[in-house]
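Peer 1: Whenever a hint applies, use it, and build me the whole structure from the sequences.
Listed in order, the protein sequences are those of chains A and L. For the first sequence, this note's numbering puts the final residue at 309, and the numbers step up evenly by one. For the second sequence, this note's numbering puts the final residue at 580, and the numbers step up evenly by one.
You may find that some hints are simply not true.
Unchecked claim - DSSO-like, lysine-lysine: derived pairs with alpha carbons at most 27 Å apart:
(1) L/Lys233 x A/Lys126
(2) A/Lys126 x L/Lys219
(3) A/Lys198 x A/Lys180
(4) L/Lys219 x L/Lys233
(5) A/Lys289 x A/Lys254
The set of hints was computed from the structure by calculation and includes no laboratory data.
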Amino acid sequence: MRSIMIEAQNLVKRYGETTAVDGVSLQVHAGEILGLLGPNGAGKTTAIEMMEGLRAPDSGTCRICGFDSLRQTGQVRERIGIALQSARLPEVTRVLEVLQLYASFYPDPMPVGDLLRQFNLEEKARTYCLDLSGGQRQRLAIALALVGRPEVVFLDEPTTGLDPQARHALWDVILGLKEEGRSIIMSTHYMEEAEKLCDRVAVMDHGKVLAEGTPRELIRQHGPEAALELDLNGAPADLAELSRIAGVTGVKSEDGLVLLHTANSPATLMGVAAYAQERNLPLSDLKTRQATMEDVFMALTGRRLRD
Amino acid sequence: MRTYNALKQMTLFHFRLTMRNKIGFFFNLVMPILFLMVFGSMYSGSSSEIAIGLVDQDGGPAAQMVRQALDQSGLYKVTTGEEAGLLKKLDMGSLRAVLVLPSGLSEQMATRQAPATVVIRWDSVSQSSSAARAGLEYLLRGIEADARGAAPLLQVQVTELEAGTRVNIYDFMMPGMLTYMLLNAGVVSVAISLAYQRQTGTMRHMFSTPLSMRVWMSGRVLANLVLSLLQIALIWAFGMVLFDVHLPSNPGGTLLLLFLCAVAGLGMGMAIGTLTRNADAAQPIALVIAMALTFLGNAMMPLDNAPQIVQALMKLMPSFYMTHALQVVMMKGQSLISVPFDLLVLAATAGAGFLLAGWRLRKLFVIHG
Numbered sequence: 003m004r005s006i007m008i009e010a011q012n013l014v015k016r017y018g019e020t021t022a023v024d025g026v027s028l029q030v031h032a033g034e035i036l037g038l039l040g041p042n043g044a045g046k047t048t049a050i051e052m053m054e055g056l057r058a059p060d061s062g063t064c065r066i067c068g069f070d071s072l073r074q075t076g077q078v079r080e081r082i083g084i085a086l087q088s089a090r091l092p093e094v095t096r097v098l099e100v101l102q103l104y105a106s107f108y109p110d111p112m113p114v115g116d117l118l119r120q121f122n123l124e125e126k127a128r129t130y131c132l133d134l135s136g137g138q139r140q141r142l143a144i145a146l147a148l149v150g151r152p153e154v155v156f157l158d159e160p161t162t163g164l165d166p167q168a169r170h171a172l173w174d175v176i177l178g179l180k181e182e183g184r185s186i187i188m189s190t191h192y193m194e195e196a197e198k199l200c201d202r203v204a205v206m207d208h209g210k211v212l213a214e215g216t217p218r219e220l221i222r223q224h225g226p227e228a229a230l231e232l233d234l235n236g237a238p239a240d241l242a243e244l245s246r247i248a249g250v251t252g253v254k255s256e257d258g259l260v261l262l263h264t265a266n267s268p269a270t271l272m273g274v275a276a277y278a279q280e281r282n283l284p285l286s287d288l289k290t291r292q293a294t295m296e297d298v299f300m301a302l303t304g305r306r307l308r309d
Numbered sequence: 212m213r214t215y216n217a218l219k220q221m222t223l224f225h226f227r228l229t230m231r232n233k234i235g236f237f238f239n240l241v242m243p244i245l246f247l248m249v250f251g252s253m254y255s256g257s258s259s260e261i262a263i264g265l266v267d268q269d270g271g272p273a274a275q276m277v278r279q280a281l282d283q284s285g286l287y288k289v290t291t292g293e294e295a296g297l298l299k300k301l302d303m304g305s306l307r308a309v310l311v312l313p314s315g316l317s318e319q320m321a322t323r324q325a326p327a328t329v330v331i332r333w334d335s336v337s338q339s340s341s342a343a344r345a346g347l348e349y350l351l352r353g354i355e356a357d358a359r360g361a362a363p364l365l366q367v368q369v370t371e372l373e374a375g376t377r378v379n380i381y382d383f384m385m386p387g388m389l390t391y392m393l394l395n396a397g398v399v400s401v402a403i404s405l406a407y408q409r410q411t412g413t414m415r416h417m418f419s420t421p422l423s424m425r426v427w428m429s430g431r432v433l434a435n436l437v438l439s440l441l442q443i444a445l446i447w448a449f450g451m452v453l454f455d456v457h458l459p460s461n462p463g464g465t466l467l468l469l470f471l472c473a474v475a476g477l478g479m480g481m482a483i484g485t486l487t488r489n490a491d492a493a494q495p496i497a498l499v500i501a502m503a504l505t506f507l508g509n510a511m512m513p514l515d516n517a518p519q520i521v522q523a524l525m526k527l528m529p530s531f532y533m534t535h536a537l538q539v540v541m542m543k544g545q546s547l548i549s550v551p552f553d554l555l556v557l558a559a560t561a562g563a564g565f566l567l568a569g570w571r572l573r574k575l576f577v578i579h580g
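Peer 2: What follows is the structure, given as structure tokens:
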């Protein structure tokens with residue numbers, strides 16, 4: 003039985019009339035990556051900051067490595083590493099200087115040279131943070147999160163704003179952290195990222211955890227058997243009619259594409275072909291695919307993740 | 212060991228940020244020297260003598276007596292010549308007054324038939340000219356009394372307030388310059404930098420680590436003390452090399468006092484930087500406060516003749532007490548215990564600033580320690 007590194011219980015945070023986080027309870031085990039998946043404004047960052055002890059909840063508690071994150075801040079902060087959403091680095095400070103500064107805050111920091119090597123920042127050691135690329139900044143932010151040899155790492159949307167190449171490079175870094183046995187909680191609104199990196203995913207919307215489990219469990223429990231994407235080449239789609247096709251469990255139209263969730267792929271395929279033939283519609287592109295976390299989110303909220 | 216290392220790194224961090232800010236660098240280190248040069252040349256000139264013109268149309272013993280009195284006073288640099296030429300110089304500002312001794316003056320004074328008339332030409336738009344006129348009038352009345360053989364009713368003894376060393380116009384300006392410099396570094400630079408660090412999330416990120424408030428604040432204080440030491444050394448070095456400024460009469464007391472001034476300025480800057488909404492708001496507020504402190508604190512220019520309301524406002528400015536304490540300790544060489552009230556005001560200013568900043572930061576962030 004792996005030990006529990008993060009245990010959040012019924013966290014609530016309100017801002018006036020708005021409830022940003024509404025009773026979130028989560029556990030993260032040793033050596034596990036838990037992803038918080040949800041759109042902007044879902045309450046992911048607020049929930050993470052309450053777990054980190056950077057924001058006081060209106061109610062609920064969180065324990066990190068057995069310590070209360072608000073009352074035992076000293077013990078907690080020596081055991082955690084935090085990369086805040088979009089790296090907040092002092093602009094006119096050099097990479098080496100900022101690593102040395104952060105290293106000085108911890109009792110047994112990692113050697114700064116090792117971090118520079120590990121995160122491929124050796125050549126940038128004398129560069130001001132201001133002059134780093136987005137990917138380099140994020141790598142530095144994660145290096146800063148690791149400088150104190152944390153048992154638990156919080157990554158708040160670590161790849162937001164990065165190009166695909168930089169994003170994939172950072173995924174390798176995060177998977178490397180997992181291999182080192184660290185517990186990681188990360189927020190993201192990229193479903194592909196959640197599927198690729200996370201052992202378990204908590205789907206959040208409107209401050210609540212809607213579902214939690216491994217990506218496979220979530221897809222099995224909440225996703226359709228399969229999804230069909232069809233391109234009608236600009237022709238209008240009758241969504242009501244499409245929803246009546248055999249096997250269809252959900253319909254969504256976006257950017258000229260129609261997405262159908264189905265519990266019976268062959269029946270739905272036949273129905274779609276008949277629908278197109280009756281209306282003389284050009285089916286310029288028709289794809290079937292396995293359900294993804296995106297489909298899970300749509301099934302749970304009725305919206306796509308990027309809406 | 213860990214606290215010492217964190218303190219060292221934090222001090223270096225703050226110091227580097229200050230030095231790498233080009234605008235801050237200019238206002239903290241270059242501007243005070245420019246001020247010293249500009250204000251010094253405004254108030255001094257190359258000589259402390261007042262330049263006047265003398266038109267001697269008499270050429271007799273009375274004119275001789277006037278020339279002698281002008282020389283003996285040691286206050287005037289006299290240029291003789293034709294009236295038209297000298298008046299042109301007066302108009303151009305190279306002379307402050309022109310004294311015309313008419314022909315027949317000696318004879319008229321000797322016969323005492325009627326009061327003899329001499330003419331002082333001056334420029335009413337110039338304050339220096341007005342002062343020169345008053346001085347000449349005073350000097351001529353003395354000559355006139357001598358000529359009458361009347362004994363003076365009143366003797367004036369001129370005694371300077373005791374100063375530890377000989378001072379020149381630049382020495383007089385040093386307390387004001389130092390006050391301006393330390394206030395600028397503390398109030399303006401720190402307020403803007405702090406508000407910017409808050410705004411961009413740098414501070415939030417830093418306080419998400421085991422960094423304690425005590426180490427953060429101590430690092431901030433030490434960085435400003437290092438900066439103030441640099442400022443003090445620089446302005447004194449320039450002052451001594453270029454303007455013959457003297458070392459302070461009480462160097463140890465002066466340095467301690469300057470450090471206290473720097474910490475008081477820092478306290479104000481930290482309060483502004485943490486209480487304002489963001490860097491855009493902090494900038495004008497810090498500038499207005501720094502200007503009020505500088506100009507109403509008796510630092511840049513004496514306001515002895517200012518209206519009563521201004522004089523009352525001056526007494527509310529911590530910079531007023533900074534300037535006064537510096538004048539007493541630095542120029543007169545007295546010990547720090549001779550300015551207890553000034554020290555109290557400065558310490559209270561620093562303490563209030565730190566308390567406000569600490570309270571505000573704890574409201575903004577969950578800080579360990």
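Peer 1: Could you run down the list of hints and mark each one as holding or not?
Peer 2: Hint-by-hint comparison with the structure:
no., hint, in the structure
1, L/Lys233 x A/Lys126, "holds, 23 Å"
2, A/Lys126 x L/Lys219, "holds, 23 Å"
3, A/Lys198 x A/Lys180, "holds, 13 Å"
4, L/Lys219 x L/Lys233, "holds, 23 Å"
5, A/Lys289 x A/Lys254, "holds, 15 Å"
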